[in-house]
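A.B. asks: Sequence:
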Amino acid sequence: MRRSTDIGAERVETLLRARSEANGAFFAAEAERLAQLCHKMAERFAREGRLVAFGASPADRSDARHVAVEFVHPVIVGKRALPAMGLAGEG
Numbered sequence: 001m002r003r004s005t006d007i008g009a010e011r012v013e014t015l016l017r018a019r020s021e022a023n024g025a026f027f028a029a030e031a032e033r034l035a036q037l038c039h040k041m042a043e044r045f046a047r048e049g050r051l052v053a054f055g056a057s058p059a060d061r062s063d064a065r066h067v068a069v070e071f072v073h074p075v076i077v078g079k080r081a082l083p084a085m086g087l088a089g090e091g
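Yeah, the sequence shown ends on 91 if you go by our numbering, and it's all consecutive.
Honestly, the hints are just simulated from the structure, not real lab data. One or more of the hints may lead you astray.
[Unchecked claim] Only pairs whose alpha carbons sit at most 20 Å apart, straight line, appear in this in silico SDA-like list of lysine to any residue:
| id | residue 1 | residue 2 |
| --- | --- | --- |
| 1 | 79 | 55 |
| 2 | 79 | 89 |
| 3 | 40 | 5 |
| 4 | 79 | 46 |
| 5 | 40 | 9 |
| 6 | 40 | 70 |
| 7 | 79 | 27 |
| 8 | 79 | 43 |
| 9 | 79 | 66 |
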């Protein structure tokens with residue numbers, strides 16, 4: 001008899017594999033557009049631009065706030081903070 005932890009571990013592995021495959025397909029398909037966007041963002045930041053992230057749904061608003069924090073407080077040691085704000089009006 002299989003233990004529930006074995007079944008759970010298999011399920012997690014299956015989900016992670018599917019997510020990795022989906023991420024790989026997305027980034028392979030969108031690599032050029034993402035590179036262009038990153039370059040445009042770098043140009044804007046160099047001209048004292050600011051990132052404004054926003055979202056409509058509660059999940060989107062949470063993501064907008066998170067993205068802004070990642071720019072203002074970079075996790076990579078030695079990287080400078082960049083001006084950003086997450087617009088997350090409720091309702």
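A.B. asks: Evaluate each hint against the coordinates.
C.D. replies: Consistency of the hints with the structure:
1. 79 to 55: violated (26 Å)
2. 79 to 89: Roughly 29 Å separates the two Cα atoms, so the pair is violated.
3. 40 to 5: violated (47 Å)
4. 79 to 46: holds (14 Å)
5. 40 to 9: violated (42 Å)
6. 40 to 70: The given pair, whose Cα atoms are some 18 Å apart, holds under the 20 Å limit.
7. 79 to 27: This hinted pair is violated, its Cα atoms lying about 24 Å apart.
8. 79 to 43: At roughly 17 Å apart (the allowed maximum being 20 Å), residue 43 and residue 79 satisfy the hint.
9. 79 to 66: With Cα atoms ~17 Å apart, residue 79 and residue 66 stay inside 20 Å; holds.
In this structure, the hints that do not hold are numbers 1, 2, 3, 5, 7, in rising order.
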